[in-house]
Amino acid sequence: AQSVTQPDIHITVSEGASLELRCNYSYGATPYLFWYVQSPGQGLQLLLKYFSGDTLVQGIKGFEAEFKRSQSSFNLRKPSVHWSDAAEYFCAVVAPGGYQKVTFGTGTKLQVIP
Amino acid sequence: KAGVTQTPRYLIKTRGQQVTLSCSPISGHRSVSWYQQTPGQGLQFLFEYFSETQRNKGNFPGRFSGRQFSNSRSEMNVSTLELGDSALYLCASSSGQAEEKLFFGSGTQLSVL
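Protein chains in written order, with my numbering: chain A, 28 to 141; chain B, 20 to 132.
FYI, nobody ran anything at the bench for these hints, they're computed from the structure.
Check each hint, because a few of them may be wrong.
Stated by the list, open to error - 25 angstroms max Cα-Cα, derived SDA-like pairs, lysine to any residue:
1. Lys128/A x Gly81/B
2. Lys128/A x Ser125/B
3. Lys136/A x Ser46/B
4. Lys128/A x Asn90/B
5. Lys76/B x Asn51/A
6. Lys128/A x Ala114/A
7. Lys128/A x Phe88/B
8. Lys76/A x Phe83/B
9. Lys32/B x Gln69/A
10. Lys76/A x Gly103/B
11. Lys76/B x Gln69/A
12. Lys136/A x Gly86/A
13. Lys128/A x Lys76/B
14. Lys128/A x Arg49/A
15. Lys76/A x Gln56/B
16. Lys136/A x Ser130/B
17. Lys128/A x Leu107/B
18. Lys128/A x Ser98/B
19. Lys76/A x Thr24/B
20. Lys128/A x Ile31/B
21. Lys76/B x Ser53/A
22. Lys128/A x Arg86/B
23. Lys128/A x Arg49/B
24. Lys76/A x Gln116/B
25. Lys76/B x Phe78/A
26. Lys128/A x Ser114/B
27. Lys128/A x Gly103/B
28. Lys136/A x Phe64/B
29. Lys76/A x Ile45/B
30. Lys128/A x Asn96/B
31. Lys88/A x Glu119/B
32. Lys128/A x Phe83/B
33. Lys128/A x Gly59/B
34. Lys128/A x Pro80/B
35. Lys76/A x Arg49/B
36. Lys136/A x Lys32/B
37. Lys136/A x Gly61/B
38. Lys128/A x Ser70/B
39. Lys136/A x Leu129/B
40. Lys128/A x Lys32/B
These numbers were taken from a predicted model, which means no experiment stands behind them.
Could you put together the complete structure from these sequences and hints?
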């Protein structure tokens, strides 16, 4: 069975600073990989996804993520954080052919300070 | 295009009661998934329906059940509520392919007293 680890529960960054959120997965092959964001009291919104091809993927709101097969990682990055980026971020995996059974990480809560 | 609609937004129940939550997917989407979100356990997959058939099921007791109607709307039922069932229940819809993204509703916040 696949699993996802997000080692950082909380991260605090200053507005304008760069951001990297870590995600490691466990699966026999390369799964489909996703990053979602959840604002307080809301559902989740997709930031970006990877399932093949270029290992650096661009998403919405200026986010990008890099897939590294050797490290089983899919870290999310943003060069300059805005106050509106404060939210909870979830890494997720789906087994190819696994329909829509999505396994989520435990999430990283991002706080942005002025 | 209207988004995923979940009703009700908030529910308060007592132990032993049962509850039914509703989810209307985005028009044209045939897959509906349900997730339970709690501070301690995070997002846990409950089940997924596609064209009225349950395709996937998570590790929840049989008190948790669901169904999907011919118009793709879905309901989730929890019987004999326990305090630990207090959670945000999220519904998501998609085309049903594994590589496709999920569109989430805002959830139903269930409190069991």
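Hint check results:
The suggested pairing of Lys128/A with Gly81/B holds, with an alpha-carbon distance near 18 angstroms, which does not exceed 25 angstroms. Restraint check for Lys128/A and Ser125/B: the C-alpha separation of about 19 angstroms stays at or below 25 angstroms, so the hint holds. With a C-alpha separation of about 32 angstroms, the suggested pairing of Lys136/A with Ser46/B is violated against the 25 angstroms cut-off. Simply put, Lys128/A and Asn90/B have alpha-carbon atoms about 21 angstroms apart, close enough for the 25 angstroms limit, and the pair holds.
Note on Lys76/B and Asn51/A: the hinted pairing holds, with a Cα-Cα distance of about 24 angstroms set against a maximum of 25 angstroms. A threshold of 25 angstroms between alpha carbons decides the hint, and for Lys128/A with Ala114/A the separation of about 24 angstroms falls inside it, so the pair holds. The straight-line distance between the Cα atoms of Lys128/A and Phe88/B is roughly 20 angstroms, inside the 25 angstroms bound, and the hint therefore holds. The straight-line distance between the Cα atoms of Lys76/A and Phe83/B is roughly 30 angstroms, outside the 25 angstroms bound, and the hint therefore fails.
Distance hint between Lys32/B and Gln69/A is fulfilled; the C-alpha atoms sit about 22 angstroms from each other, no more than 25 angstroms. The suggested pairing of Lys76/A with Gly103/B is violated, with an alpha-carbon distance near 33 angstroms, which exceeds 25 angstroms. Note on Lys76/B and Gln69/A: the hinted pairing holds, with a Cα-Cα distance of about 24 angstroms set against a maximum of 25 angstroms. This hinted pair checks out: Lys136/A and Gly86/A have alpha carbons roughly 19 angstroms apart, not beyond 25 angstroms.
Taken as a hint, the Lys128/A and Lys76/B pair is honoured in the structure, with Cα atoms around 8 angstroms apart against an allowance of 25 angstroms. Annotation: proposed proximity of Lys128/A to Arg49/A holds, straight-line Cα distance about 22 angstroms (limit 25 angstroms). The hinted pair formed by Lys76/A and Gln56/B meets the criterion: a straight-line CA distance of about 22 angstroms does not exceed 25 angstroms. For the suggested pair Lys136/A and Ser130/B, the alpha carbons sit about 23 angstroms apart, so the restraint of at most 25 angstroms is met.
For a cut-off of 25 angstroms, the pair hint linking Lys128/A to Leu107/B stands: about 18 angstroms separates their Cα positions. With a CA separation close to 23 angstroms, the supplied pair Lys128/A and Ser98/B stays within the 25 angstroms bound. At most 25 angstroms may separate the alpha-carbon atoms for a hinted pair to count; Lys76/A and Thr24/B meet this at roughly 24 angstroms. Note on Lys128/A and Ile31/B: the hinted pairing is violated, with a Cα-Cα distance of about 28 angstroms set against a maximum of 25 angstroms.
This hinted pair checks out: Lys76/B and Ser53/A have alpha carbons roughly 20 angstroms apart, not beyond 25 angstroms. Distance check on the hinted pair: Lys128/A and Arg86/B sit about 16 angstroms apart at the alpha-carbon level, within 25 angstroms; holds. Restraint check for Lys128/A and Arg49/B: satisfied, since their Cα atoms lie roughly 14 angstroms apart, inside the 25 angstroms limit. Taking the CA atoms of Lys76/A and Gln116/B, the gap is about 13 angstroms. The hint holds against a cut of 25 angstroms.
With a C-alpha separation of about 23 angstroms, the suggested pair Lys76/B and Phe78/A falls inside the 25 angstroms cut-off, and the hint holds. In summary, the hint linking Lys128/A to Ser114/B is supported, as the alpha carbons are separated by about 13 angstroms, within the 25 angstroms threshold. Restraint check for Lys128/A and Gly103/B: satisfied, since their Cα atoms lie roughly 23 angstroms apart, inside the 25 angstroms limit. For the given pair, Lys136/A sits about 20 angstroms from Phe64/B by alpha-carbon distance, which is consistent with the 25 angstroms threshold.
Taking the CA atoms of Lys76/A and Ile45/B, the gap is about 20 angstroms. The hint holds against a cut of 25 angstroms. Of the pairs offered as hints, the one joining Lys128/A and Asn96/B holds, with about 19 angstroms between alpha carbons and a cut-off of 25 angstroms not exceeded. Of the supplied pair hints, the one linking Lys88/A and Glu119/B holds, its CA atoms being roughly 19 angstroms apart against a limit of 25 angstroms. Between the alpha carbons of Lys128/A and Phe83/B the distance comes to roughly 17 angstroms, so the proposed pair stays at or under 25 angstroms and holds.
Taken as a hint, the Lys128/A and Gly59/B pair is honoured in the structure, with Cα atoms around 20 angstroms apart against an allowance of 25 angstroms. For the proposed pair Lys128/A and Pro80/B, the alpha carbon gap of about 17 angstroms is at most 25 angstroms, so the pair holds. Simply put, Lys76/A and Arg49/B have alpha-carbon atoms about 21 angstroms apart, close enough for the 25 angstroms limit, and the pair holds. With a CA separation close to 29 angstroms, the supplied pair Lys136/A and Lys32/B exceeds the 25 angstroms bound.
With a CA separation close to 12 angstroms, the supplied pair Lys136/A and Gly61/B stays within the 25 angstroms bound. Restraint check for Lys128/A and Ser70/B: satisfied, since their Cα atoms lie roughly 15 angstroms apart, inside the 25 angstroms limit. A distance of roughly 22 angstroms separates the Cα atoms of Lys136/A and Leu129/B; the hinted pair therefore holds under the 25 angstroms criterion. Only pairs whose Cα atoms come within 25 angstroms are accepted, and Lys128/A paired with Lys32/B is rejected, the gap being roughly 29 angstroms.
Hints 3, 8, 10, 20, 36, 40 from the earlier list are contradicted by this structure; the remaining hints agree with it.
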